[in-house]
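Undergrad: Full structure from sequences and hints, please.
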Amino acid sequence: MDFEVTPPSLGRLASRIATLLMGKHKPIFDPSTDCGDYVVVTNCSSLHTTGKKLYQKKYYRHNTRPGSLKEISMEALKGKLGGSEVLRKAVSGMLPKNRLRDDRLARLKAFEGAAHPYKKNLVRFEGRRRDLMPDAGLVPTPAAAGKEVRA
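Residue numbers are given in our numbering: position 147 of the sequence shown equals residue 147, and the series is strictly consecutive.
The set of hints was computed from the structure by calculation and includes no laboratory data. Check before you lean on any hint, since a few could be wrong.
DEER-style ranges, computed between Cβ atoms [as the list claims (entries may be wrong)]: (1) SER15 to LYS58: 15 to 23 Å; (2) MET94 to SER46: 19 to 27 Å; (3) PRO31 to ALA114: 32 to 40 Å; (4) ALA76 to ASP103: 24 to 32 Å.
Even glycine gets a Cβ: it sits at the ideal position worked out from N, Cα and C.
TA: So, in structure tokens, the structure goes:
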């Protein structure tokens, strides 16, 4: 997915990515098996959020020891680890909390810029719902395959 031209908001993008990682768009979907796709997201540095979430949203972590609660704002996290980590945390929150979560999240490849090693496998996302299907526009028609189509 490359959202360089018109980037959707963080939450809308994360929910679409979570659907692809789980494989819910496939007819063979089964909640107990991992049948999702790899998702490559480029230009994560241009992620945007609505309202004041960039400054007011906090991420918390705690290791169960007294006094170990840590918090970081979205702005600080984006500055420290980049927009790809913000996207990864948003997608992680939208995946089901089960034994498949880590494997599904490992298939998310997020990059700050446009350069990445998966150029051949990139499906361009343009904000339309039918673009969620991995084979949208990639299946050759009979006319394109060299066969005549009679009307």
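Undergrad: Confirm or reject each hint.
TA: Cross-check of the supplied hints:
1. Restraint check, SER15 to LYS58: a C-beta distance of roughly 21 Å satisfies the suggested window 15 to 23 Å.
2. A C-beta distance of roughly 20 Å is found between MET94 and SER46, which places it inside the suggested range of 19 to 27 Å.
3. At roughly 35 Å, the beta carbons of PRO31 and ALA114 sit within the given window of 32 to 40 Å.
4. Between ALA76 and ASP103 the beta carbon distance is about 29 Å. The supplied range of 24 to 32 Å therefore holds.
When each numbered hint is compared with the structure, no violation occurs for any of them.
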